[in-house]
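All chains, please: the whole structure from these sequences, using the hints.
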Amino acid sequence: MGLGGSRTPRGADRVASLRPATLPGDEMRAHNPRMRERFGRVLPWLLGVLGALAFIRLSNEIFPLILLLILPAGLLAKRLSANRRAQSRERAAQWLNRAFLGFFSLYLALALTFLLAGLAPALAHAIPSFHDALHRAAGGVEERVEIVARNNAFDTEQLTVPGGNVEILFTNLDVGVDHNVGIYSGEAAEKDAVFRGQVITGTDSITYRFRAPPPGTYLLWCDVHPFMNGKVVVTGAAGGSDDQHSSGLAGLAGRIAAASHGSPFALARTGHLVVPAGEVAANYIFSAIILVLAIVLVRARSRDRTARLLALGMVGTAAVFNAQAHVAFDVIPSPLLSSAHDTFHVVSGVAFMFGLLLFPDGQMVPRITGTARRPWIRWVARLALALVAVIVGVMFVADFHGATPGGYIAFFGIVIPAAGVISQSFRYRHADTEQERQQSRLLMWALAIPLLATLLVGGLIAAAHVLQGTPQGAADFSRTVFLIFPVLFTIIPLTLVVVLVRYRLWDVERVVSKTLVYGVLAAFISTVYILIVIGVGSAIGTGRQQNLPLSILATAVVALA
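For what it's worth, my numbering labels the leading residue of the sequence shown as 56, then goes sequentially.
Please note that a few of the clues may not be correct.
As the list claims (entries may be wrong) - Calculated cross-link-like contacts (lysine to aspartate or glutamate; reagent style DMTMM-like; alpha-carbon spacing at most 20 Å):
| no. | residue 1 | residue 2 |
| --- | --- | --- |
| 1 | K286 | E222 |
| 2 | K246 | E212 |
| 3 | K246 | E201 |
| 4 | K286 | D187 |
| 5 | K286 | E201 |
| 6 | K286 | D247 |
| 7 | K286 | E242 |
Unchecked claim - Distance windows between CB atoms, simulated:
| no. | residue 1 | residue 2 | range |
| --- | --- | --- | --- |
| 8 | G306 | Q490 | 52 to 62 Å |
| 9 | A332 | K286 | 22 to 32 Å |
| 10 | L171 | R205 | 55 to 65 Å |
| 11 | R205 | W500 | 55 to 65 Å |
| 12 | L522 | A486 | 18 to 28 Å |
| 13 | A519 | K246 | 30 to 40 Å |
Source of the hints: derived by calculation from the structure; they are not laboratory data. Remember, it's a predicted structure, so these values are computed and weren't measured experimentally. For every residue, glycine included, the Cβ atom is placed at its ideal position computed from N, Cα and C.
Now the structure itself:
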């Protein structure tokens, strides 16, 4: 019997003495309290990455089924979280946000891979030293042939070139006269361009690098003086020996070098085997602007579903609205890249459309009345709208690869701006304040410009072919799309950010201010480098050759700045 009359059960002291002070895992858990916290932060991100991989890999075959499963699962999760405590809902929101960031990280990485893989051949075409280094890394050597223009005539009537990768050294000896070398298929009256070299003024020389067409006989042509002509014979022997089909860095270098001579993907979208340098620069400036704005939205409002949808739409648009980026299919012939490309088309279209319908307050308009007690009706309507958009997109996915651009235009050029115009016009009529009315008015104008331009360009091209009595050329229409629409669709995200900053929505002005500072700094560095290397190099006559001292000087100036 203990003090105070309490009784200790017999044997309890012996049991207490035999019981360990701590269990085997207690000490480890006590000393590593942050391990579970870190694991809890990383796990949702990893799940998002794995989900993105599975989604992109299977999206071609079961995209509608995936959508049918995702939306009801989201509705169920929302209803379950609503019945839990606020702390549980906050924890679920954190998991969802980290999972989205994982999905977005991989989605953005694939878009950057697609863009950089397409940019590499353009850089190899523009920088001779880089081009030669790729051939050396791939173990290949190009065959060079020479041709001279003298007294307004070529020095040969027949130019024989091997198959594969070819170099033509063209020398113009006519002082002050423009000449070039062009290769065409067909007859002189109805010829199709195979290769058109840059025009140079005599006396000067230039090296043309390109991928030879199939063996056969072609027209040799000067585009400035058509009377300077002859024939080009392409033999069956391959001039270059790059191992493009091997794996590893050598195979990658060979594929980049081969694509720098020309790509069928570039030809289908621009009419040129090699995309013109000005168009490449314009496309990549567009893609860079869109990607930066997408990252700004995610940084500012990663938990906002409207910002998430707009960011996904912008990333996909930055990838697929770039003609040069499609050369990536020659550089990385992977089924995953092809699936990612198709996913960019469909996901960016659906996400962009829903993002504009929800912008800026996250409420879908026009609203379905009488559904306050039946929220599932709204979800069914949204599911139906998404399925219609997905089915339309999937139906035209094959057309996005160059067969016909009709689905491309309908899905991106018409559906997205039209959805935004409908949403903002409804908000404009039902706005509660003058500020909200001004927001909607500005967005309507920004969305109406691409929409009207799409209809106008498509109508003019169709009318021109009708008047000429010729069927509308899909290739010509596709070239016009890739030339015009990147510029027009830059207006939409820029206007969204302007509205967010001007009306202080989403607290985005803090992120944008930092972005502007870094953007101006990057522009200054790039400008100084280009002025020194290209401007000074041209003044002292370095020409197309890379000047190592100038590059070192430019780097030093930029570092000191």
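These are the hints, each one checked on the structure:
{"no.": "1", "hint": "K286 to E222", "verdict": "holds, 17 Å"}
{"no.": "2", "hint": "K246 to E212", "verdict": "holds, 18 Å"}
{"no.": "3", "hint": "K246 to E201", "verdict": "violated, 24 Å"}
{"no.": "4", "hint": "K286 to D187", "verdict": "violated, 28 Å"}
{"no.": "5", "hint": "K286 to E201", "verdict": "holds, 14 Å"}
{"no.": "6", "hint": "K286 to D247", "verdict": "holds, 14 Å"}
{"no.": "7", "hint": "K286 to E242", "verdict": "holds, 11 Å"}
{"no.": "8", "hint": "G306 to Q490: 52 to 62 Å", "verdict": "holds, 58 Å"}
{"no.": "9", "hint": "A332 to K286: 22 to 32 Å", "verdict": "holds, 29 Å"}
{"no.": "10", "hint": "L171 to R205: 55 to 65 Å", "verdict": "violated, 43 Å"}
{"no.": "11", "hint": "R205 to W500: 55 to 65 Å", "verdict": "holds, 58 Å"}
{"no.": "12", "hint": "L522 to A486: 18 to 28 Å", "verdict": "violated, 45 Å"}
{"no.": "13", "hint": "A519 to K246: 30 to 40 Å", "verdict": "violated, 21 Å"}
Violated hints, listed in ascending order, are 3, 4, 10, 12 and 13; each of the other numbered hints is respected by the structure.
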